[in-house]
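Chemist: Assemble the whole structure, with the sequences as input and the hints as a guide.
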Amino acid sequence: MDKPIAFTDSMLASLNATRPWVKFIAIVWFVGVAFMVVFGLAMITGMYTGFSMPGFPALLGRVFGALYIVMALVYVAPALYLYRYAQAIAGVQGSAVMVSFEDALKQQKSFWKFYGIFIIVVIVLCVLIIVGSMIVGVYIATHHH
Amino acid sequence: MNEQISVSEKALGYLKSTQPWVTFIAVMGFIGAAFMVLMSLFMLAGGALMPANPKLPAMFFPVFGGFYLLLSIFFCLIPGILLMRCSSAISSIPGTGQAAVESALSRQKSFWKYAGIFTIVILVFDVLIFIGKYGFGLFQGGYFHP
Chain A
1 MDKPIAFTDS MLASLNATRP WVKFIAIVWF VGVAFMVVFG LAMITGMYTG FSMPGFPALL
61 GRVFGALYIV MALVYVAPAL YLYRYAQAIA GVQGSAVMVS FEDALKQQKS FWKFYGIFII
121 VVIVLCVLII VGSMIVGVYI ATHHH
Chain B
1 MNEQISVSEK ALGYLKSTQP WVTFIAVMGF IGAAFMVLMS LFMLAGGALM PANPKLPAMF
61 FPVFGGFYLL LSIFFCLIPG ILLMRCSSAI SSIPGTGQAA VESALSRQKS FWKYAGIFTI
121 VILVFDVLIF IGKYGFGLFQ GGYFHP
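So the protein sequences, as listed, match chains A and B.
Taking the numbering used here, the leading residue of the first sequence gets 1, the next gets one more, and so forth.
Taking the numbering used here, the leading residue of the second sequence gets 1, the next gets one more, and so forth.
Bear in mind the hints are in silico, worked out from the structure with no lab data behind them.
All of these numbers come straight from a predicted model, not from anything done at the bench.
Every residue, glycine too, gets a C-beta built ideally from N, C-alpha and C.
No false leads were mixed into what you were given.
Mimicking DSS-like on lysine-lysine, the simulated pairs with C-alpha atoms at most 30 Å apart in a straight line are:
(1) B:LYS113 - A:LYS23
(2) B:LYS10 - B:LYS113
(3) A:LYS3 - B:LYS10
Some chain B residues close to chain A (C-beta under 8 Å, calculated; not the full set):
(4) GLN4
(5) SER8
(6) TYR14
(7) LEU15
(8) MET28
(9) LEU105
(10) GLN108
(11) LYS109
(12) GLY116
Modeler: Right, here's the structure in full:
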């Protein structure tokens, strides 16, 4: 950078206006994760009766429950990054301006990186499931008489 | 800000490394929007072309088609545009400097504000659906099981 970039009031104002929204989304996200854990536990322990129909294996309900809890654990990370982002913005004042500003941008970067990688993983899983179902379908069609 | 504080190279580095991810997610948003518009068109065309199914309410396909169209705009297209604007501001930092950093921060604020309002709208819808479901028995009460 040829000329140093000044940290202006406009930048601070944008960050301060971002903070309540990011904090709100992080809290909603945490509540969602808590719901997922409760729902997952209910499925594992058999308290959730939505699956209790004839012919539905009880074990599958437990597997769904475990998957819910794993998903909830994965979803904690982005919520945590957003919450830390909001906290870092609150610290952008006094002598710690640049340290907190750097931390805020770092947390936001981590959030987007996590989200990007998450999307890539989901797309790869979708492709694998489609290809896997095709292979299983062809196998069943050719070997099942 | 009384004394002049400079934006550190480290802070600029974090912004720069955010840019490819934000761009990627924005592009995914656009692709998602395109798929949802297709889904919506299939739903609308399906409703118009298929013989009437007595088990489904007449408004089933138009309502779901319209729902997908709204979702493609508000869940994919608008966030995608807001993120792309943020990404382009970050890419112009090396040439433009201060104004580009200001613009990047202001545009990411717009994104998060939109995301927050969207979350509130979804939560309100959830509450309305919950009231409709259990308060008025919309689903159990025979509307979908005539």
